[in-house]
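Residue numbers (our numbering), protein chains in the order written: chain A, 1 to 197; chain B, 1 to 250.
Source of the hints: derived by calculation from the structure; they are not laboratory data.
A portion of the hints provided could be inaccurate.
With a straight-line Cα cutoff of 27 Å, these simulated DSS-like cross-link-like pairs (lysine-lysine) come out [claimed, not checked]:
| # | chain 1 | residue 1 | chain 2 | residue 2 |
| --- | --- | --- | --- | --- |
| 1 | B | K50 | A | K78 |
| 2 | A | K78 | B | K83 |
| 3 | A | K64 | B | K188 |
| 4 | A | K64 | B | K83 |
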Amino acid sequence: MFVTPAFAEETTAEPAAAGETHSETGMAHEAGPKVFPPFDSTTFASQLLWLVITFGVFFLLMQKVITPRLGAILDDRKSRISKDLAEAAALKKEADLSVETYEKELAQARAKANAIASEAREAAKTKAAAERSAVEAELTQKVAAAESRIADIKAKAFADVGSIAEETASAVVERLIGGSVSQGDVAAAVASAKQEG
Amino acid sequence: MSNDPTHQFLINKIVPLHIGGYDVSFTNASLFMVATVAAASGFLYFASSKRALIPGRAQSVAEISYEFIANMLREGAGSHGMKFFPMVFSLFMFVLTANLLGMVPYFFTVTSQIIVTFALALFVIGTVIVYGFYKHGLGFLHLFVPSGVPGALLPLVVAIEVISFLSRPISLSVRLFANLLAGHITLKVFAGFVASLGALGALGVGGAVLPLIMTVALTGLEFLVAFLQAYVFAVLTCMYLNDAVHPGGH
Numbered sequence: 001m002f003v004t005p006a007f008a009e010e011t012t013a014e015p016a017a018a019g020e021t022h023s024e025t026g027m028a029h030e031a032g033p034k035v036f037p038p039f040d041s042t043t044f045a046s047q048l049l050w051l052v053i054t055f056g057v058f059f060l061l062m063q064k065v066i067t068p069r070l071g072a073i074l075d076d077r078k079s080r081i082s083k084d085l086a087e088a089a090a091l092k093k094e095a096d097l098s099v100e101t102y103e104k105e106l107a108q109a110r111a112k113a114n115a116i117a118s119e120a121r122e123a124a125k126t127k128a129a130a131e132r133s134a135v136e137a138e139l140t141q142k143v144a145a146a147e148s149r150i151a152d153i154k155a156k157a158f159a160d161v162g163s164i165a166e167e168t169a170s171a172v173v174e175r176l177i178g179g180s181v182s183q184g185d186v187a188a189a190v191a192s193a194k195q196e197g
Numbered sequence: 001m002s003n004d005p006t007h008q009f010l011i012n013k014i015v016p017l018h019i020g021g022y023d024v025s026f027t028n029a030s031l032f033m034v035a036t037v038a039a040a041s042g043f044l045y046f047a048s049s050k051r052a053l054i055p056g057r058a059q060s061v062a063e064i065s066y067e068f069i070a071n072m073l074r075e076g077a078g079s080h081g082m083k084f085f086p087m088v089f090s091l092f093m094f095v096l097t098a099n100l101l102g103m104v105p106y107f108f109t110v111t112s113q114i115i116v117t118f119a120l121a122l123f124v125i126g127t128v129i130v131y132g133f134y135k136h137g138l139g140f141l142h143l144f145v146p147s148g149v150p151g152a153l154l155p156l157v158v159a160i161e162v163i164s165f166l167s168r169p170i171s172l173s174v175r176l177f178a179n180l181l182a183g184h185i186t187l188k189v190f191a192g193f194v195a196s197l198g199a200l201g202a203l204g205v206g207g208a209v210l211p212l213i214m215t216v217a218l219t220g221l222e223f224l225v226a227f228l229q230a231y232v233f234a235v236l237t238c239m240y241l242n243d244a245v246h247p248g249g250h
């Protein structure tokens, strides 16, 4: 299928004939050694040269411009996403931390309030107890004073009983006898009566 | 317009040019190579020029193709193979764009020329050989001597390995070339049936419906083939580059 060098020479010698095909000589020429176009080796040099030029330019452009640029875009996005994720994680951690401190402070405040309340309750209780005991002490004191006074009065009354008896006895004696009796005798008599009674 | 299905592969000179006795004219093939490069690099350049954090549609496509090839190369040749990323990416984008441009009616298909696909395959195999010897010295030859083979079988295995290595550029280039060529010829033949049956009158028009359906279906298939062959070319390139990076690896 590949073309002999002789044929290649023939066709390159007549480039014009290949172009304007359908002249009579052209037809006759074509009918003979017509070659399947992709295997026409006369075109190989041109195709190779232009392939090297175009693909070379394309390759350089891809290597120097396009692939670094696309790679940079993708890397940027990847690093941006991971940075954002890290930032979100950090923010979440921060939020968790503040929730924790808030709860801690709340618990602290609650405990403090409880402490204050119980302290106040305790203080009120002790104050009430102190007042009550003071009042009780006063009352017992008053009771004791009253009792001592009663005892005093009772003692005094008992003491007075002697002199009253003496006075009554001397008065009775005076009326009955009509003479006076000495104070000392009456007192002695009353004292003995008292002792008997 | 000729009905010859191979007419679409004809190369016509646009600017005749001769250097050192070689005919290096600027042809329709050259024009479509330039168009392929312009379309692919223009798209990738403008799609990525905004460098948006949240990509638009075009930037998404560019990023997807980047990551598609990057993953393919990482899986095929490991992280050491990533230094070949620009090469594999260029090959994939070039072949894919050339295949897709070839699907436009009246456009020339660059990859339907055996010399183009063969040159690309030689570029791949050449890179494998040069990098393999540069990186591993003669250790690169371990590629042909798989470990754990009994001594008696070794000559046979080495011969098979050498032949399979030498056939790689041929299979790589012929696969791409033949798929594109056969697809375009089939498409042209079926489309030609539509035209020639349609010229036969009412009955012919009725009969032309079948090849028309066939042409539509084949067009869809050809778009699949255009992508698939670029993908296969890139995957095989990754596999061959893996041999250059890890010669004892199989």
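Hinted pair A:K78 and B:K83, Cα distance within 27 Å: holds, 21 Å
A:K64 and B:K188 were given as a pair; does the straight-line alpha-carbon distance stay at or below 27 Å? violated, 40 Å
Has the given pair, A:K64 with B:K83, been kept, meaning a C-alpha gap of at most 27 Å? Status holds; Cα separation ~13 Å.
Would the hint linking B:K50 and A:K78 be met if the CA-CA limit is 27 Å? holds, 17 Å
Hint compliance for this structure: hint 3 alone is broken.
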